[in-house]
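Q: Line by line, the protein sequences are chains A and B. FYI, my numbering numbers position 59 of the first sequence as 59, with every residue one higher than the one before it. FYI, my numbering numbers position 469 of the second sequence as 469, with every residue one higher than the one before it.
Calculated directly from the structure, the hints in this document are not laboratory data. The model shown is predicted, which means the values in this text are computed figures rather than measured ones. From the three backbone atoms N, C-alpha and C, an ideal C-beta is built for every residue, glycine too. Be a bit skeptical, because a hint or two may be false.
Not close to chain B: a few residues of chain A, all C-beta gaps over 12 Å, as computed [what the hints assert, rightly or not]:
#1 L5
#2 W8
#3 L9
#4 Q29
#5 G30
#6 A31
#7 H42
#8 A45
#9 E53
#10 D57
#11 A86
#12 F88
#13 F90
#14 V91
Heads up, simulated SDA-like pairs for lysine to any residue below, C-alpha to C-alpha not over 25 Å straight-line [claimed, not checked]:
#15 A:K80 / B:Q35
#16 A:K80 / B:E567
#17 A:K80 / A:A51
#18 B:K18 / A:F88
#19 B:K620 / B:E567
#20 A:K77 / B:K18
#21 A:K80 / B:Q190
#22 B:K18 / A:L50
#23 B:K18 / A:S47
#24 A:K80 / B:V38
#25 A:K80 / B:G94
#26 A:K80 / B:P215
Spelled out from the first residue to the last, the chains are:
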Amino acid sequence: MTTTLPVWLKVDEGRVVEALQEAGQKLVQGAGEVVLDFSAVHRIAPSALLAMEELADRAAKNATKVVLRGVNVDIYKVLKLARLTAPFLFVD
Amino acid sequence: MPKSAPSLDEERIAALEKLVSQARTAAAVFTQYSQEDVDRIVKPMVLAGLKQAQYLARLAIEETKIGVLEDKAIKNMVATEFVYNYVKDKRTVGAIREFPERGLVEVAEPIGVILSLTPITNPTSTVLFKCIMAIKTRNAVIFSPHPGAWRCCAEAVRIMYETAVEHGAPEGVFTCLESHTLEDNTFLMQHKDIGLIDATGGPGVVKAAYSSGKPALGVGPGNTPVYVEKSADLDMAVVDIITSKTFDNGTICASEQTVVIDDEIYDRVLQKFAGLGAHICNESEAELLGRTVIDPATGFMQPTAVGQKASRIARFVGISVKPKTKLLIAPIQGVGREHPLSVEKLFPVLAVYRAKSVDEALKVCVDVNHSGGLGHTAVVFSNNDDVIQKFSEVINAGRIIVNSPGSIGALGGVYNDMVPTFSFGCGTGGGNSTTDNVNVYHYLNIKRVARRTQSHMWFRVPNQIYFNMNAVENLRNFPSRSTLIITNPALEQIGHVDIVRRYLPPQTPVRISVVPDTEPDIKIIIQGVEALNFYKADQIIALGGGSVIDAAKIMKLKYESPEADLEELATPFLDIRKRVVQYPTEKINQARLIAISTTSGTGSEVTPFAVMTDKQRGLKVTLADYSLTPDVAIVDPQFVMSMPKGLTADTGIDCLTHALEAGVSIFASPYTDSNAMQAIRLVFRYLPTAYEHPQNEEARNMMHNAACIAAIAFSNASVGVNHALAHAFGARFGVAHGRANALMLPHVIAYNASVPTKFMPSPNQRAYVAHKKYAMIADLLGLGGGTIEEKVQRLVAVTEQLLDQLNVPRSIAELGISKEEFEQAIPDLAKTAFDDPSWRSNPRMPLVSELVELLWSAYRGRGDGKAASAAREKKADETVCV
Numbered sequence: 001m002t003t004t005l006p007v008w009l010k011v012d013e014g015r016v017v018e019a020l021q022e023a024g025q026k027l028v029q030g031a032g033e034v035v036l037d038f039s040a041v042h043r044i045a046p047s048a049l050l051a052m053e054e055l056a057d058r059a060a061k062n063a064t065k066v067v068l069r070g071v072n073v074d075i076y077k078v079l080k081l082a083r084l085t086a087p088f089l090f091v092d
Numbered sequence: 001m002p003k004s005a006p007s008l009d010e011e012r013i014a015a016l017e018k019l020v021s022q023a024r025t026a027a028a029v030f031t032q033y034s035q036e037d038v039d040r041i042v043k044p045m046v047l048a049g050l051k052q053a054q055y056l057a058r059l060a061i062e063e064t065k066i067g068v069l070e071d072k073a074i075k076n077m078v079a080t081e082f083v084y085n086y087v088k089d090k091r092t093v094g095a096i097r098e099f100p101e102r103g104l105v106e107v108a109e110p111i112g113v114i115l116s117l118t119p120i121t122n123p124t125s126t127v128l129f130k131c132i133m134a135i136k137t138r139n140a141v142i143f144s145p146h147p148g149a150w151r152c153c154a155e156a157v158r159i160m161y162e163t164a165v166e167h168g169a170p171e172g173v174f175t176c177l178e179s180h181t182l183e184d185n186t187f188l189m190q191h192k193d194i195g196l197i198d199a200t201g202g203p204g205v206v207k208a209a210y211s212s213g214k215p216a217l218g219v220g221p222g223n224t225p226v227y228v229e230k231s232a233d234l235d236m237a238v239v240d241i242i243t244s245k246t247f248d249n250g251t252i253c254a255s256e257q258t259v260v261i262d263d264e265i266y267d268r269v270l271q272k273f274a275g276l277g278a279h280i281c282n283e284s285e286a287e288l289l290g291r292t293v294i295d296p297a298t299g300f301m302q303p304t305a306v307g308q309k310a311s312r313i314a315r316f317v318g319i320s321v322k323p324k325t326k327l328l329i330a331p332i333q334g335v336g337r338e339h340p341l342s343v344e345k346l347f348p349v350l351a352v353y354r355a356k357s358v359d360e361a362l363k364v365c366v367d368v369n370h371s372g373g374l375g376h377t378a379v380v381f382s383n384n385d386d387v388i389q390k391f392s393e394v395i396n397a398g399r400i401i402v403n404s405p406g407s408i409g410a411l412g413g414v415y416n417d418m419v420p421t422f423s424f425g426c427g428t429g430g431g432n433s434t435t436d437n438v439n440v441y442h443y444l445n446i447k448r449v450a451r452r453t454q455s456h457m458w459f460r461v462p463n464q465i466y467f468n469m470n471a472v473e474n475l476r477n478f479p480s481r482s483t484l485i486i487t488n489p490a491l492e493q494i495g496h497v498d499i500v501r502r503y504l505p506p507q508t509p510v511r512i513s514v515v516p517d518t519e520p521d522i523k524i525i526i527q528g529v530e531a532l533n534f535y536k537a538d539q540i541i542a543l544g545g546g547s548v549i550d551a552a553k554i555m556k557l558k559y560e561s562p563e564a565d566l567e568e569l570a571t572p573f574l575d576i577r578k579r580v581v582q583y584p585t586e587k588i589n590q591a592r593l594i595a596i597s598t599t600s601g602t603g604s605e606v607t608p609f610a611v612m613t614d615k616q617r618g619l620k621v622t623l624a625d626y627s628l629t630p631d632v633a634i635v636d637p638q639f640v641m642s643m644p645k646g647l648t649a650d651t652g653i654d655c656l657t658h659a660l661e662a663g664v665s666i667f668a669s670p671y672t673d674s675n676a677m678q679a680i681r682l683v684f685r686y687l688p689t690a691y692e693h694p695q696n697e698e699a700r701n702m703m704h705n706a707a708c709i710a711a712i713a714f715s716n717a718s719v720g721v722n723h724a725l726a727h728a729f730g731a732r733f734g735v736a737h738g739r740a741n742a743l744m745l746p747h748v749i750a751y752n753a754s755v756p757t758k759f760m761p762s763p764n765q766r767a768y769v770a771h772k773k774y775a776m777i778a779d780l781l782g783l784g785g786g787t788i789e790e791k792v793q794r795l796v797a798v799t800e801q802l803l804d805q806l807n808v809p810r811s812i813a814e815l816g817i818s819k820e821e822f823e824q825a826i827p828d829l830a831k832t833a834f835d836d837p838s839w840r841s842n843p844r845m846p847l848v849s850e851l852v853e854l855l856w857s858a859y860r861g862r863g864d865g866k867a868a869s870a871a872r873e874k875k876a877d878e879t880v881c882v
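Please model the entire structure based on the sequences and the hints provided.
A: Printed below as a string of structure tokens:
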């Protein structure tokens, strides 16, 4: 029996879209689980939401999990308003 | 997708969905912005709008062919500069208003996505205004301009959007529908992600917005009546009306429509209009004008006339006017369909009406107001404040503009201090939800953060209390021109009245009024008041138990304020500070009330309560107000030395109940606690002795003090469910109040000490503390016990033991009341007890079923008290005196 370790990506404030795209690539490459660490992100832009939507679609297609770690409550509210909380797992 | 999607093809629906999605994303992202972020964006937007004011005005004129270039440019400047001036220092993010003294904070929550419909008459200025409001409040807007003003609006949106995004606003914050249809608007109005519809336009648009089922600000047409009253400054009135009605060729919906002029000044006013460039139509011209510019089929103005110059309209109609004519003025004889020009005319045509009186003028203005202008705007020119006030009372308009131009006045910030706006709320009269000048606060959900507040409490006692043996001697300190002693026959017989008379200052004229020793009836009160009036008393001495002192309190009230309606004053209340009925403060007589108590229980000498009956009408009236509290209380034990044993026991237990209930009341405070606890300690220590050895002076004195101290506690903290039950039971079965209290007491302590089924709302208490307070009392009495439960059990036991010592019946059954009789009475007893206001300060809110259970417990009776005896014996040496 083999265990696949999750892919862990640290998201920087200025490179949120790029990190999300990279996560999407990992999913395409067959990653079983991707963990995105948002603890250094304080605010997100509309472009990041678009990238998150794409990532959510990709994860759904691959039937894989995307975990968002350390999302602050302001960003969580943005995701809630944009109806983007359901596709992700949130951990502190 | 909206539930009832209109007939749009899939491609169009996808395009509209994309617009909404983009706006939703922008709005979501916008929630992260701070006030500083927002303000950094707003200012450059305002500057961009100001810079492009003339350019946008020209675009609007070219596209709509409505209005005046210069005026449209000014409107664009008002929409930016004046609005900015109003909003720049306003907080619209986070905590926007704070009321620390009330513990309230208002916190802003954006709406999200706003669908904004803008009009053809004020296209770019409305867009500029709404863009600034939206950014200031962190909302995204989808603009849907009037199709006849789409290009200029789209350009205004572009300028605002690019400036906003350049300075940090989220992308997608504004979008503007390109060519669109009614179906597009319907689709968007019903879309789940649209939070608010802000519709400025004609009646159709407003109605559609309000019919969509979405929250909407619908701001539509008006019909502004103007009254020029004879005291007005006529030159100012005429210039203001011309300025306003010709501004942008009358396209602002707040502009003047029908001017009603007093007969005395009518001709002069018209001359002044004519002298300043208005054409006064003769009868046939007026008739022709009405037929042409108002659609006879609908009764509304012809759209082709909107925003056109007066000279052009005259030419079109076929009226010969001077080339630079500013305004066409047409006399009308009434208001309504048969007088076509009495409706809204968004062009420089004004109806005038000659009124024979102020009354007629106001009625015509009301008629105009009700002909399509409800809730909108009205104007009055007058220097008579009464006329202005009457006008504002009879006219239903969100804006009543006084001595200034209607249109520019209504915009706010120019001629007055109203909020600058380009959207006039018209209230329910106009089918709107607000009468305000729409502003940033209408673009926000305002959340109220309400912190727990502690209501102010009080501690009120009589001015002077004299106590201990021979305290009655202090009567020497109270000179009087006429004193009335109110007492009962027995006390007069045993010489108490003589003692009182002995200590009054020499030569004090004294009369005696003897009243029965029962709850005072209204007849007794009336007789007493007659005596007070007859003797012109300035001092009342109440010598007796609760009934006598209560009678004296009510006599004093009626003597000082004869108009006082006792039945009304007895109206129940929940909070004495918020009571509806106020006690009289105007007094035609003044009398000092000195209360000398002759029992050690009710404490009426210091309480603000009085009870009386009206036997003839079958009424019992309970009065409660601090103004009833006697001015002086004398607590002299010589008056209780001869109290019989039974009365000693019953009144003593009444005193204990007062103290215990005040101690656990939701209105208990450190001030009342100190009194309640001391009274409890004194009762347990001295009541058995006073009962067994009535001549023991120390015990009598301490019990007399205990009753007064307990009354001070419950006067300020009130009583509880024990009293509610005792009142009901005592009245039904004719059992003395103190004894009825005694039968309930152990059961109520146990009840209050257990976890409530329902908690009583009590903002002044942080948690349920009744059981802990009982435990504290147990500690005070030195009862021991390791846990709160044990301490409460010991308090119950020691109370039972005290009742046994006083030979109080152990149960209701022991009184000889059969189970069947009691069972029959139970529903009424529970209902009466529940209606009794006493329990409203009880720590535990009683359910009716719980009242029934308590009554049955009292019927079955208390335990044997052995546990308490054991506890008391064990701790006897450790009893602490406090």
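Q: Hint by hint, say whether it matches the structure.
A: Hints, verified against the model:
1. L5: 33 Å, holds
2. W8: Per Cβ check, A:W8 is outside 12 Å of chain B; nearest 25 Å; holds.
3. L9: The claim holds: A:L9 sits with its nearest Cβ about 22 Å from chain B, beyond 12 Å.
4. Q29: For A:Q29, whose nearest Cβ neighbour in chain B is about 28 Å away, the distance exceeds 12 Å, so it holds.
5. G30: 30 Å, holds
6. A31: For A:A31, whose nearest Cβ neighbour in chain B is about 27 Å away, the distance exceeds 12 Å, so it holds.
7. H42: Violated, since 8 Å does not exceed 12 Å.
8. A45: 6 Å, violated
9. E53: Check fails; 9 Å does not lie beyond 12 Å.
10. D57: 14 Å, holds
11. A86: Correct as stated: the minimum Cβ-Cβ distance to chain B is 15 Å, above 12 Å.
12. F88: Non-interface label stands for A:F88: nearest chain B Cβ at 15 Å, farther than 12 Å.
13. F90: At roughly 16 Å from the nearest Cβ of chain B, A:F90 sits farther out than 12 Å, so the non-interface label holds.
14. V91: 21 Å, holds
15. A:K80 / B:Q35: 22 Å, holds
16. A:K80 / B:E567: 59 Å, violated
17. A:K80 / A:A51: Cα-Cα ~15 Å, so holds.
18. B:K18 / A:F88: Roughly 23 Å separates the two Cα atoms, so the pair holds.
19. B:K620 / B:E567: Between B:K620 and B:E567 the Cα gap is close to 9 Å, so the pair holds against 25 Å.
20. A:K77 / B:K18: Distance of about 21 Å is within 25 Å: holds.
21. A:K80 / B:Q190: The given pair, whose Cα atoms are some 21 Å apart, holds under the 25 Å limit.
22. B:K18 / A:L50: 12 Å, holds
23. B:K18 / A:S47: 15 Å, holds
24. A:K80 / B:V38: 22 Å, holds
25. A:K80 / B:G94: 19 Å, holds
26. A:K80 / B:P215: The given pair, whose Cα atoms are some 21 Å apart, holds under the 25 Å limit.
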